[in-house]
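Novice: If you want the building blocks of each chain, they are given just below.
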Amino acid sequence: MTDLLLEATTSHMETVYCMPQALSAQPTHYCPGCTHGVAHRLLAEALDELNMRERAILVAPVGCAVFAYQYFEIDGCEAPHGRAPAMATGLKRVQPDRIVITYQGDGDLASIGAGEILHAAARGEPITVIFINNAIYGMTGGQMAPTSLSGQRTTSSPFGRVGEPLRMSELLAVLPQTAYIVRRSLHNPAHIRKAKKAILTALKAQEAGLGFSMVELLSSCPTNWGLSPAEALEWIEKHMLPVFPVGDYKVAEAVKEL
Amino acid sequence: MSRELLKGNVAIAEAALRAGMYAYFGYPITPQTELLEHLARRMPELGRVFLQAESEVAAINMVYGAACAGVRTMTSSSSPGISLMQEGLSYIAASDLPCVVVDVMRGGPGLGNILPSQADYFQVTRSAGHGDYHPIVLAPASVQEAVDLTVLAFDLADQYRHLVILAADGLIGQMMEPAELPPMRDLPAERPAYALTGAKGRPPRRIASFYLQAEAEEAYNLQIQARLARIRQNEQRSAEYFTDDAQFLVVGYGTVGRIALSAVRQLRAAGVPVGLFRPITLYPFPEARLRALAERVAGILVVEMNAGQMLEDVRLAVLERAPVHFYGRMGGAVPMPEEIVGALRQLLPTEVLS
Amino acid sequence: MQHELIFAGFGGQGIMFGGQLLAYAAMDGGYHVTWIPSYGPEMRGGTAYCTVVIADQEIGSPVVKHPGIGMIFNAPSFDKFVPMLQPNGLLVYNASLIPQQTERQDLTILPVPATERAPTPQLTNMVMLGALLTAKPILSLEALKAALEAHMPSHRRNLLEANLAALQIGVQLAEEALERL
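Protein chains in written order, with the numbering used here: chain A, 64 to 321; chain B, 1437 to 1790; chain C, 289 to 469.
Bear in mind the hints are in silico, worked out from the structure with no lab data behind them.
Just to be clear, a hint being listed does not mean it is correct.
[What the hints assert, rightly or not] No farther apart than 25 Å at their CA atoms in a straight line, the calculated lysine to any residue pairs in the SDA-like style are these: (1) A:Lys-267 - A:Gln-133; (2) C:Lys-353 - B:Gln-1580; (3) A:Lys-259 - A:Glu-108; (4) B:Lys-1636 - A:Gln-89; (5) C:Lys-368 - B:Arg-1765; (6) B:Lys-1636 - A:Arg-230.
[Claimed, not checked] From the derived model, a few chain B residues whose C-beta atoms are all more than 10 Å from chain C: (7) Pro-1464; (8) Ser-1563; (9) Phe-1646; (10) Ala-1699; (11) Ala-1728.
Computed from a prediction, not measured in an experiment: that's the story for all the values here.
Where a beta carbon is used, it is the ideal one built from N, C-alpha and C, also for glycine.
Throw the hints in and build the complete structure from the sequences for me.
Specialist: This is the structure we're talking about:
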């Protein structure tokens, strides 16, 4: 009787939520409440939906996402700290029909790798950059990042940061060969849905060969911020959004037509 | 045979693309810039990848990316630029990826100058980056040898999936000499089994050099060491001149190797039985052959354009078999044949001289 | 046989190409040859020079401290390189631009008014080469002419006749000078 019922129910069920094919079925090492997991899932969903899993190559950074190449069911490699855009350039130039993605944190992209990201963007390399901005160095234990807020206390700015954070989306958007540069946030479901849409657009822009694309994602680091996961999401909204406004910083005409 | 009068830098560049180099990434620096300039024209002509990177740091990581994609790839630079590449070189070595790096060595340390030098011997042979490994290092002494070793570099890189450095000096890079270029090879139809090409109809491939557990990292290191042992076993190369009856031996590589040949010829003309041993592979150092020669000479003079770097490898190879002496010039100064003759005359036992 | 030459002067006198042309001729004649330029910042405005070694066996040192033959195109190079020439060497110098004399008694010295007699100043090198091969035929004049025809860059082809004419002027000047010696 139960079996019959189950069978009847199953045959009318529709899958509304499942593990994306592009994501590995394994637990990650990220701290509880960290939004890396959300960002991974969004990227994997986008790769599935665009049917890119079998032609995508991920370049992982040094930082908390150093193992990202293991968390995706796509070809992947791991770059020296900050050098992912250079490695991605090498990968993309020799096989322009593949989808090449870098996944980088703020220390990786905006500090040690500032030169590589600037020049990859300036050349208009048709790669997609997922930029996780949580205003702190996570893996090394909470030091000041190039995106740390003015006055933000970290283990290496114990009296509060002196100076202003680098706003990378604003900085790169002025370069003529960039196709799509936007900032989104992962602090609530509405923003997460918008982030997903942006990742889809960025990947489509790459596929169409329109130039450099980057999606900056405001992310949480409850562990190093010393906050609970819920408080950390509030911190993004209260402290990061005013300094790093979400928005479209560069959408080339050709991208609008996608 | 059709010989052309070729500048070393140009000859290396042309030989590389004929050997099947599909992607080149570089940054201008004297005295290797003609290499970059030649490829800036030739690679696009052939529909291949040429890119002037924003720095040597970026260039070597672009090479890393192209090597991940499984194509023959190369960068070139000179000493200060090679210093900047150390990080990327280590990652490439630790990812078992083949690639070729050309170092047209110049005077140092620091900014130094643009004159010929061999002061990168430690830098290129001892590791060229952090961690326990050695690149294969080849040292040409003529433009023709630079051509031949460039082709060999790509073949060895693929054969061992290992980093190969062509260590030329500024003189080899700038000099013109007749040389015969190799025929143009076809590009391979398929990418190797490790290449990141997109996981179409197969499980994903991953290239990384990250082992959190000591045991795993050690096990990987042991693999590198096993490969290096095979390389030491199979790839020692050297050239010899007048060694059959030599009672005293000069050891020099690259430009110094051929300058020493002039010195040895002068002494031979005077009836002095000296010989020349010229290492072609700096790693693996041709220790087996040198050791055999050391058994039957009264002494050895090592000559280098540095303060005595290969000297250490000679001493390790020779141990107590023969006394080892050194003559070197630094900072871009080139030892002349007369200086080498002078150094030898001071060292040679009277019975050898007479 | 081994000949070691230095070509020295300033930019625009065809120093580098002069040396290269001789190297091409040597290569085409089946000889071993090396050509080394001065390179780097001094190439701009300062003294430019190159050294050529021609031999019938594998060349050892391509670096030459005391060349046997000096091809000196301007006054600063005269002061710098004449003292370095091998004892009993040959000095061919561009008398048009070099007023000074050397005190060396051991050299064969051939003053050639190369710049003033050259069809254009850019052809000074050909006049000097014609004079050299007349004074000391390390290679035949015919070999040099053949090399010129074979290796002249295509965008300079229209100057071939002028180059050959300049060579002949050098031959004539050397013959006159040798008669005076």
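Novice: Decide, hint by hint, whether the structure agrees.
Specialist: Hints, verified against the model:
Simply put, Lys-267 of chain A and Gln-133 of chain A have alpha-carbon atoms about 24 Å apart, close enough for the 25 Å limit, and the pair holds. A threshold of 25 Å between alpha carbons decides the hint, and for Lys-353 of chain C with Gln-1580 of chain B the separation of about 24 Å falls inside it, so the pair holds. Taken as a hint, the Lys-259 of chain A and Glu-108 of chain A pair is honoured in the structure, with Cα atoms around 8 Å apart against an allowance of 25 Å. A hinted pair counts as satisfied when its Cα atoms are at most 25 Å apart, and Lys-1636 of chain B with Gln-89 of chain A qualifies at roughly 21 Å.
With a C-alpha separation of about 23 Å, the suggested pairing of Lys-368 of chain C with Arg-1765 of chain B holds against the 25 Å cut-off. Restraint check: the Cα-Cα separation between Lys-1636 of chain B and Arg-230 of chain A comes to about 37 Å, which exceeds 25 Å; the hinted pair is violated. With a closest Cβ-Cβ approach of about 13 Å to chain C, Pro-1464 of chain B is found to remain outside the 10 Å limit, as its non-interface label requires. With 10 Å as the threshold on Cβ separation, the claim that Ser-1563 of chain B sits away from chain C holds: the shortest Cβ distance comes to roughly 30 Å.
Phe-1646 of chain B, annotated as away from the interface, keeps every beta carbon of chain C farther than 10 Å; the closest lies near 42 Å. Residue placement check: Ala-1699 of chain B does not keep its beta carbon more than 10 Å from all beta carbons of chain C (closest about 8 Å). At roughly 24 Å, the least C-beta separation between Ala-1728 of chain B and chain C is larger than 10 Å, which holds for a residue marked as non-interface.
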